[in-house]
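Trainee: Can you make the complete structure from the sequences, with help from the hints?
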Amino acid sequence: MKYQYLFHIDDDEDDSEIFATAASEVSKTASIESFNDAHQALQKMELSPSSLPDVVFLDLNMPIMDGFQFLKEIKTKPHLKNIPVIILSTSSSRETIDKAKKMGAEGFITKPSDFNILVDILKSYLKK
Amino acid sequence: MIELPDALREKILREVIDTAPFPIGVYTGHKMKIVLANQCMIETYGKGPNVIGQNYTEILPELENQLIFEQLRDVLKTGIPYEAKNSRVDIVVEGVLKPHYFNYNFTPIFGEDKQVYGVMNTAAEVTALNVSRQQTIEIEKRLRLAVESSQLGTFEIDLENGIITGSKRFLKFFGTPIKNSLTLPAVQKYIHSGDKNLWEESVEKMYSKGQLQCEIRIKIENAVQWIRLSGTLSESDNKENIIVGIAQDISEERQHSEELLKLVEQRTAELKRSNDDLKQFGHVISHDLKEPLRKISMFSNLLLESADSSHLSKIMQYAQKINKSSARVSEMIDAILNYSSSGSLDLNEIVDLNEVLQSVNEDLELKIKDKNAIVEYASMPHLCGSNTLLYQLFLNLISNSLKFSRPGSDPIIKIEYQTTHESLHIFITDNGIGIAAENSQRIFNTFERLHSKDEYEGTGLGLSLCRKIVERHKGEIKLIPSENQGAVFEIIFPINIICR
Numbered sequence: 001m002k003y004q005y006l007f008h009i010d011d012d013e014d015d016s017e018i019f020a021t022a023a024s025e026v027s028k029t030a031s032i033e034s035f036n037d038a039h040q041a042l043q044k045m046e047l048s049p050s051s052l053p054d055v056v057f058l059d060l061n062m063p064i065m066d067g068f069q070f071l072k073e074i075k076t077k078p079h080l081k082n083i084p085v086i087i088l089s090t091s092s093s094r095e096t097i098d099k100a101k102k103m104g105a106e107g108f109i110t111k112p113s114d115f116n117i118l119v120d121i122l123k124s125y126l127k128k
Numbered sequence: 001m002i003e004l005p006d007a008l009r010e011k012i013l014r015e016v017i018d019t020a021p022f023p024i025g026v027y028t029g030h031k032m033k034i035v036l037a038n039q040c041m042i043e044t045y046g047k048g049p050n051v052i053g054q055n056y057t058e059i060l061p062e063l064e065n066q067l068i069f070e071q072l073r074d075v076l077k078t079g080i081p082y083e084a085k086n087s088r089v090d091i092v093v094e095g096v097l098k099p100h101y102f103n104y105n106f107t108p109i110f111g112e113d114k115q116v117y118g119v120m121n122t123a124a125e126v127t128a129l130n131v132s133r134q135q136t137i138e139i140e141k142r143l144r145l146a147v148e149s150s151q152l153g154t155f156e157i158d159l160e161n162g163i164i165t166g167s168k169r170f171l172k173f174f175g176t177p178i179k180n181s182l183t184l185p186a187v188q189k190y191i192h193s194g195d196k197n198l199w200e201e202s203v204e205k206m207y208s209k210g211q212l213q214c215e216i217r218i219k220i221e222n223a224v225q226w227i228r229l230s231g232t233l234s235e236s237d238n239k240e241n242i243i244v245g246i247a248q249d250i251s252e253e254r255q256h257s258e259e260l261l262k263l264v265e266q267r268t269a270e271l272k273r274s275n276d277d278l279k280q281f282g283h284v285i286s287h288d289l290k291e292p293l294r295k296i297s298m299f300s301n302l303l304l305e306s307a308d309s310s311h312l313s314k315i316m317q318y319a320q321k322i323n324k325s326s327a328r329v330s331e332m333i334d335a336i337l338n339y340s341s342s343g344s345l346d347l348n349e350i351v352d353l354n355e356v357l358q359s360v361n362e363d364l365e366l367k368i369k370d371k372n373a374i375v376e377y378a379s380m381p382h383l384c385g386s387n388t389l390l391y392q393l394f395l396n397l398i399s400n401s402l403k404f405s406r407p408g409s410d411p412i413i414k415i416e417y418q419t420t421h422e423s424l425h426i427f428i429t430d431n432g433i434g435i436a437a438e439n440s441q442r443i444f445n446t447f448e449r450l451h452s453k454d455e456y457e458g459t460g461l462g463l464s465l466c467r468k469i470v471e472r473h474k475g476e477i478k479l480i481p482s483e484n485q486g487a488v489f490e491i492i493f494p495i496n497i498i499c500r
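Quick note, the sequences are listed as chains A and B, same order. The opening position of the first sequence corresponds to residue 1 in UniProt numbering, with each subsequent residue numbered one higher. The opening position of the second sequence corresponds to residue 1 in UniProt numbering, with each subsequent residue numbered one higher.
Hints were generated in silico from the structure; no laboratory data involved. Everything numeric in this text was worked out from a predicted model, so none of it was measured. The beta carbon of each residue, even a glycine, is placed where N, CA and C say it ideally should be. Please note: incorrect hints may appear among the correct ones.
[Stated by the list, open to error] The calculated label-pair distances, taken between Cβ atoms and stated as ranges, are:
| no. | chain 1 | residue 1 | chain 2 | residue 2 | range |
| --- | --- | --- | --- | --- | --- |
| 1 | B | Asn439 | A | Thr76 | 42 to 48 Å |
| 2 | A | Lys2 | B | Ser399 | 45 to 51 Å |
| 3 | B | Ser326 | A | Lys2 | 36 to 42 Å |
[Said to hold, decoys possible] Under the rule of at most 30 Å between Cα atoms (straight-line distance), these lysine-lysine pairs were calculated in the DSBU-like manner:
| no. | chain 1 | residue 1 | chain 2 | residue 2 |
| --- | --- | --- | --- | --- |
| 4 | B | Lys314 | A | Lys72 |
| 5 | A | Lys28 | A | Lys102 |
| 6 | A | Lys123 | B | Lys290 |
| 7 | B | Lys290 | B | Lys262 |
| 8 | B | Lys290 | A | Lys101 |
| 9 | B | Lys279 | A | Lys127 |
| 10 | A | Lys72 | B | Lys290 |
| 11 | B | Lys219 | B | Lys189 |
| 12 | B | Lys279 | B | Lys314 |
Mentor: Right, here's the structure in full:
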């Protein structure tokens, strides 16, 4: 499945920048919306149901509302629960991965240390 | 005796007297001449075989002043027999003067004229009996001394009727209302409610096994005493079915071990916390420290890509990001080092808090100027503690206040103190963004961060280090609810931290 309209939720501005740079390198047509706060992303999804993202890339460790809370929220909402959520986190523990999958995450990516690896990973998700 | 020829009769009598297993002697006249003494009496005198025909007073001069001669003379004079029981007589036997104990008789012998002409002396030596009785008395005395000096109470329990008799000390364990005996059901009433089952089991065992062993609490009015009871079936023939035993007040011992237990619990809690710190330390190494390193790597990749295309502004931006992330790694390592070395410093230095605050101010000068901040403090006391740690404490607190200042208003940070009888209270007040009450505990946890990484950079170690430093000085630190905006930290030290 290749996606066109992406939400990226991460409180770390550096990571938002890195993600956007990598995504734009993979696809010239993809549209990326970055959120530093999961709560804001959720609000946006609820307020504008006509422009829902094709996919959400989600960090886990965040203040205010963490990734698990966000995941739980959207999986309980009928019009949002079918939007795939891919976790993009620094964590790589089996426990966290299992927990995220169990809560309905579509995929789990551990934030790589190499920019080119991130680009490669995104190639499998984004339309050219 | 049947009629016998005189000669035979005399021979028999002599034989009987000579071989009698107890001493027999006959003395006559004022000088008490020994006219007859059997072998046993000769041995009792202890003066050799040639005593017959000699005077009693001369053979046994050591009896002078022992009232024996007087008793003999009285019998001679009055004809009234004399009997002594268990009487001490000191006699020289084979040259050594020793006490002997006798039951002895002086019996008058009357002549045909009804006048007393002599005295028969018979005796039974009871020295061995006496020695063992004295030994018993001595042992009892020692035992009593031991019981007294170790503050033991003694008791006897009659298993037939459940009546308990005891020494004064034993009865005192059960309070004043008791006169001199108790019963098992009466004792039951004084047993602390937490020990009633144990007591019942012990009593059951006492009846089945003849042994009583227990440590129980006795509660009289509101005073609780720990008593150890140990008893066993008496082995005396005349005390069948009686448990004899001792009771000991072990309250101090118990208190001691309870204190020890508390200390162990406290140490365990400390250990657990330092263990938790270590776990979190592992977490920070694997996660938090990896983050900036990952970014350094990421931005280096991007820097390399941009170098090709000679985008100068991008290159500079990525280089700055790399710098920032490296600085962050270094800052975190410093914080970890500070945190882990705070455990091994001299806590007995005299620390002038004014000097400490002065140097904190100097070290934060740039940040203070940058934020247009004011740090105020009145004359502060001298404390007994670690200079390095107390410096670190105020450095962290003031940096914290500077970091979390309210955008658009100049930070004002005040350091004040109060004393009570028991404690010194130091307050650090700021007008910053404040901390929500529900987070007032979390902030002191190791590596805890309330704010996102970019909003306020931090290691998450600052306040937990503050807590550790304060606790090492036997104090506590807390965030106190403030009516105004901003945060108020209160540090409470025991009053003896102030140097006088």
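Trainee: Evaluate each hint against the coordinates.
Mentor: Hints, verified against the model:
The hinted range of 42 to 48 Å is not satisfied by Asn439(B) and Thr76(A), whose Cβ atoms lie roughly 27 Å apart. A hinted range of 45 to 51 Å for the beta carbons of Lys2(A) and Ser399(B) is consistent with their spacing of about 48 Å. For Ser326(B) and Lys2(A), the Cβ-Cβ distance of about 37 Å falls inside the hinted range of 36 to 42 Å, so the restraint holds. Pair hint Lys314(B) plus Lys72(A) does not hold up; C-alpha atoms about 38 Å apart against a cutoff of 30 Å.
As the CA atoms of Lys28(A) and Lys102(A) are separated by approximately 33 Å, the hinted pair breaks the 30 Å bound. About 25 Å separates the Cα atoms of Lys123(A) and Lys290(B), which keeps this hinted pair within 30 Å; it holds. Between the alpha carbons of Lys290(B) and Lys262(B) the distance comes to roughly 40 Å, so the proposed pair goes past 30 Å and is violated. For a cut-off of 30 Å, the pair hint linking Lys290(B) to Lys101(A) stands: about 24 Å separates their Cα positions.
Distance hint between Lys279(B) and Lys127(A) is unfulfilled; the C-alpha atoms sit about 43 Å from each other, more than 30 Å. Restraint check: the Cα-Cα separation between Lys72(A) and Lys290(B) comes to about 28 Å, which is no more than 30 Å; the hinted pair holds. Simply put, Lys219(B) and Lys189(B) have alpha-carbon atoms about 9 Å apart, close enough for the 30 Å limit, and the pair holds. At most 30 Å may separate the alpha-carbon atoms for a hinted pair to count; Lys279(B) and Lys314(B) exceed this at roughly 39 Å.
Violated hints, in rising order: 1, 4, 5, 7, 9, 12; the structure is consistent with all others.
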